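Colleague: Protein chains in written order, with this note's numbering: chain S, 1 to 284; chain B, 1 to 284; chain U, 1 to 284; chain F, 1 to 284; chain R, 1 to 284; chain C, 1 to 284.
Derived from the structure by calculation, the hints contain no laboratory data. Given the structure is predicted, the values throughout are model-derived calculations rather than measurements. Please note that the accuracy of each hint is not assured.
Same chains, same names: a pair is fine if it fits in one copy or spans any two.
To be verified - List of simulated lysine-lysine pairs, BS3-like, C-alpha gap at most 27 Å:
hint	residue 1	residue 2
1	Lys190	Lys124
2	Lys190	Lys243
3	Lys63	Lys190
4	Lys183	Lys63
5	Lys183	Lys22
6	Lys190	Lys22
Protein chains: 6
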Amino acid sequence: MNRFERNVQNFLGCDSGYEESKIVIFGAPFDSTTSYRPGTRFASAAMRNESYGIETYSPYQDKDLEDICVFDSGDLELPIGSAELALADIESRAEMIISDGKIPCMIGGEHLVTLGAVRAMVKKYADLQLIQLDAHADLREDYLGVQLSHACVMRRCYELLGDGRIFQFGIRSGTREEFEFAKSHTNMRKFDLAGIEETVQKIGQKPVYFTLDLDVLDSSQLPATGTPEVGGVSFLDLMGAIKEISGLNIVGFDINELSPPYDQSGASTALACKLLREMMLYFY
Amino acid sequence: MNRFERNVQNFLGCDSGYEESKIVIFGAPFDSTTSYRPGTRFASAAMRNESYGIETYSPYQDKDLEDICVFDSGDLELPIGSAELALADIESRAEMIISDGKIPCMIGGEHLVTLGAVRAMVKKYADLQLIQLDAHADLREDYLGVQLSHACVMRRCYELLGDGRIFQFGIRSGTREEFEFAKSHTNMRKFDLAGIEETVQKIGQKPVYFTLDLDVLDSSQLPATGTPEVGGVSFLDLMGAIKEISGLNIVGFDINELSPPYDQSGASTALACKLLREMMLYFY
Amino acid sequence: MNRFERNVQNFLGCDSGYEESKIVIFGAPFDSTTSYRPGTRFASAAMRNESYGIETYSPYQDKDLEDICVFDSGDLELPIGSAELALADIESRAEMIISDGKIPCMIGGEHLVTLGAVRAMVKKYADLQLIQLDAHADLREDYLGVQLSHACVMRRCYELLGDGRIFQFGIRSGTREEFEFAKSHTNMRKFDLAGIEETVQKIGQKPVYFTLDLDVLDSSQLPATGTPEVGGVSFLDLMGAIKEISGLNIVGFDINELSPPYDQSGASTALACKLLREMMLYFY
Amino acid sequence: MNRFERNVQNFLGCDSGYEESKIVIFGAPFDSTTSYRPGTRFASAAMRNESYGIETYSPYQDKDLEDICVFDSGDLELPIGSAELALADIESRAEMIISDGKIPCMIGGEHLVTLGAVRAMVKKYADLQLIQLDAHADLREDYLGVQLSHACVMRRCYELLGDGRIFQFGIRSGTREEFEFAKSHTNMRKFDLAGIEETVQKIGQKPVYFTLDLDVLDSSQLPATGTPEVGGVSFLDLMGAIKEISGLNIVGFDINELSPPYDQSGASTALACKLLREMMLYFY
Amino acid sequence: MNRFERNVQNFLGCDSGYEESKIVIFGAPFDSTTSYRPGTRFASAAMRNESYGIETYSPYQDKDLEDICVFDSGDLELPIGSAELALADIESRAEMIISDGKIPCMIGGEHLVTLGAVRAMVKKYADLQLIQLDAHADLREDYLGVQLSHACVMRRCYELLGDGRIFQFGIRSGTREEFEFAKSHTNMRKFDLAGIEETVQKIGQKPVYFTLDLDVLDSSQLPATGTPEVGGVSFLDLMGAIKEISGLNIVGFDINELSPPYDQSGASTALACKLLREMMLYFY
Amino acid sequence: MNRFERNVQNFLGCDSGYEESKIVIFGAPFDSTTSYRPGTRFASAAMRNESYGIETYSPYQDKDLEDICVFDSGDLELPIGSAELALADIESRAEMIISDGKIPCMIGGEHLVTLGAVRAMVKKYADLQLIQLDAHADLREDYLGVQLSHACVMRRCYELLGDGRIFQFGIRSGTREEFEFAKSHTNMRKFDLAGIEETVQKIGQKPVYFTLDLDVLDSSQLPATGTPEVGGVSFLDLMGAIKEISGLNIVGFDINELSPPYDQSGASTALACKLLREMMLYFY
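Looking at chain S on its own, in the form it has when it is part of the complex (with noise of 0.2 Å):
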């Protein structure tokens, strides 16, 4: 090490400049209205920390992170307890991010994080198209009087694209309002990850955000998570889904809600630091 420089903590293999890189991760270190566990905001420096108990190499498609170039920009200081300025920063960064022509990476958080970034791409693609693989439907118009609230993201993000233009699949958790609603406005999966394929050829090649919720994979492979939700999928189940979707045209995507708190054996935040490493393989 040059004696002017520091050795600066970066998602493992993530060591590429700001120009060169497609893919630029920022992690969003909120969950202020998380309802039942607080504790994703540790989730992006924790997967940082423990991203170097993986390697950059990738059997399952003998492609490597040495080989891509991706900036890891760091955390944004989200000022916790504020969930309308804690949006707009994260808005600010994924439009700063498209704006350049990159690939933005975010690191959630809880999942009401997705809603700064697809209030960015939205802007910049009419026709976004958001899927979402998760256990919860996130559909609630609101939670206890609260409209910015994880458990109405996806109804937040319903008022910005119409109907249609949601893939959901996997969900196992909502109330039964919630299920009704997305019988006549998004496109919901429940339980699996059936169906992916179709959704593929239906969207054809219109831009797209892609949302992963960790609690969509089965309690026992993800215990770390806000709402640990047993029923799930599998990781294997889910690297499927994840191939089938590479082959669109991803032009954001995030990871959220890892709680690593509740990680006393860091299974799950190894696996989360396993996904992200095939999403930036696959997507880039």
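Got chain S sorted already, so can you dock chains B, U, F, R and C onto it with the hints?
Modeller: Chains B, U, F, R and C alone, transformed into the frame defined by chain S:
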């Protein structure tokens, strides 16, 4: 809230009055005979706390706890240290509930608590059948000289019910003697839940007490139990079995052996809450 | 237990009715503005659960909770994610209690919840004095642009009360600006609790709201808080201060910042329960 | 290592043979009557494991465990679930040791185990005196109807010993009735260890059983116990008291109530190991 | 218990004498080269402690540990900090056991310990074959300049055995170079355990050392390991593979990489204990 | 943030450039020789993360980290498994920093890392004095045959410095031999920090390396260390000693043995961060 009322804590959505309710919940926080790792005494309190992380609505059944009437009577104050006194209290509570024509739903506690409920049941239902989902046979004559032990609970129930009326599924741990005993005296299915359908047909309309030891699940899905056992069934397998059983005449049921001190991630408690929701909706 | 009654969970020994009670407990499970480590939202539930590990009798005072009348009204259902709505609910609850001539005893939550109570208090008591025991000054104008933040709560209270009516003890963390502000506007004692006696004399019979941020204690005695601070006071020092204060006209009080997810041993929660018992016995 | 020998695990430095030893250690892993948080059954195993983190040499006494002869006889296999059977096993082990003219050193377990040892002691030593260092009086007549409970252990010992022969120090929790009982029947020092010196003089050369409930320590120094109690004594205070006591005719002693499941940092177990080393060196 | 005997702790049911035993267990508590999260040094102690939570009887094989003769020789006292010295001690212990015609069963420790055993094995068995079940290839030439590293252990074994004698299954992590190396020099099966049957046929009656790195299991079933890896095999898959392998001429075996500090629930340690029971029953 | 810059993570307030800085921080994440409980390799990363929970301003000194220039150069990438290589890297980094006229501030790691720094120091400062605050003497000739062990680090330093130049305080654990050795060769104060003032006078203006093993603190205040030791000094005692020492010519310093995996509450890491802030402000 009216100023004279407490904001009392029930299991999610179980806030009906006693008179109107068909199911009555009570907790049996007892684990004094647990030979290995105690902690199940905290299960009922933890499940009430954590139940607010799930929804009242079940997308599996398209039913909602808000649509049925359940009274949560809270926990028994059991004399830790005396199995005999504790069983007497449990028996008395179960007897009161069935004498009012309602279905008792007991949250253990170690598995020994089932004996208290079964003692009450056999007094009212002479031809009671017992379905047990469990990793352990629990058929020992005694355990280090103690007969009222969790490891002996099914043997004690057998003494009340006699040959052929106990149906055991998922059993994968025990002494050679227990497996031998089962060949002559109970209906035991090793390792998995195959054969539930035939059991349902065989039992017909006879009254059934259903006891669920959560360690029947694979330890990946339910690590937080006194004796986690790998090689078990999955949540979806278990849901399938409960659905089958729901066609029977269930006169009482329990859910046992969740051990919250070993549930750092909370995923086991969340699973137990979801199972209890589904059981109440199925057995109502 | 009568069959129509629930075995409801109050804080230990606080099972009197509302009408007869002089002190009314309520929980304020809110931590959305916590900048560092959330978790205090779980404090009131944890304290009720764990209170059964202590006794109703205080050998320090030779008094017993069984001899006084306290009503535990349970927890407010606060809208996580909106500080303004949450404060309004707290204010409303505190207002109801004081309008009935009773003393509100609030269990936080992060320290911001105190603002809700103080807003109610100043409407009834124009000359309200505020005694704060805390490691942190909490006097910032804003925190990352947010004014309703736990780091600003005393500044917001100051805006309601004005110069010289806030008495701060044990303060050992803050920005240089906060310490400067205190010199002109509050009565601040750094590091320890010396000077309580003079404060008591100075205040005389004016009405006092007493707010206890548990991090005033040394982090060895109370590690389970959002921002554990070493170099603090001991439990016995704190007990001495509370005894001194008990001679004042206490019209409301709170206990804040216990964070149960960080209390693996349970010792912090046990300490908080004991303190609450002593405070109720002293302030009754 | 000779190929026929096992590499067995003793408490650090306690590897002498039975015949040559003056002190004989045994573990009493029993916690079935623990009303609040079980876990002390794991104490003796944890202390053996963790003892290798300390040294055999005491700089406090300038003595070394290598220079004395202690036999570690391992743990009793106690019938969890039956206090009466467990106490009989403990009594029998203690009796064997004292009949050989050796000093039993018991590692609990919950405090009830002391009753088993005292039963053996009083048969041999008619004028036995009992010194108890504890946060709790343990003088209840019964606990929820159970008489063989950790909360009643000193009351049961009192029934064997009679008035004035139990010396209690550090007591800071109990019911009003227990404190009243102590006034007439035991010698109780509340809160701290003052008065040990007078006690030592008063007892003179009568045989003494010394029982140490670790919760006499402040919960900051020993959080990992069934019922952590703040406001206790420091390690150095306790060391001073043990030194005083070591001048007496100690015919047996125990160390109780360490609960390893609540000791995430390991600091409590390390402390208990160091205390046991010091006690053995002092009482040899 | 005779008063002169210790109540020593073996792995469950492994209390035969050395002479009569066919399998000899020893622990190799070494993890000094672990690059990521140390802790496997505690595995052998934890497995002995926790083995009492399982049964001696295997319903999978209808065999019982009570019916076979195994000697548990305890743990080596390895010089933490020096891989070379530690390997020499392991080699020496393994050599002693095989020179007496017995089968060594080593409990690691990190995977590097296998090198010590293999060094002993190749001296006696010139045509030794090595079967490795693992998530990681462990084929690096060096790791940050260190050649005796867990990440290089199979490369070091390769240097002893040569081409084609190492059979690797379940491999899903490594550098591109390791996967390239394997193509020419070892028999590697990526991701799963397919092909075990052919391997068994190919090896025939040649002597086999079997090394099990527990991270071959999916991280949902075994989270408590140094580097948990999702996407692995299930317990039942692994049991099937061990059954296949048991037909071979197994002259030594080990089980590695359990990390108890990351096993809050105890489920990983319980799984490892069960696997060890099954391996001993299969390989006897 | 400028789009080309990373939001890099330094220790709180240590974001000056290398050239302008007087103190240069580096992490030495090494714990391979830790004989008991590894984990200190995670200390530097944890302290950077958690430093954002404290303030840059010290009310103890009325100084602010914002007012001084410190460069945080990040962590060395040390070859886990080879003490010799790791020490060479540490020596090289320390040498670079002192050759530029700056003060190295090393965050360990286990205490062995101090040897690397001292090796660099003695080359530049022939009359280097060493002040060590520690619970352990660390004066063994070897530990299980290994000479480069944390338990031997002061013995190795002694070999570089010679008689009378090592000043040890707070020592309360070691073998009899170590305490004997100290009598002839070092200046050792047992148990507490008395005598710092005389030491300061004795040393005068000679260059001093200051090494702080955090286990000098009582285990109640710092439980999260490799070998927690009760009976130690308090935080305020330690602050007093550091203040005394700050009058000396400190040419380098370190802080060692924080073990974040054992810090569930975070209180130990918070304490270490505060101490580091105070040390930098005192030694600047």
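Colleague: Among all the numbered hints in the text so far, which are the ones the structure does not match?
Modeller: 1, 5, 6
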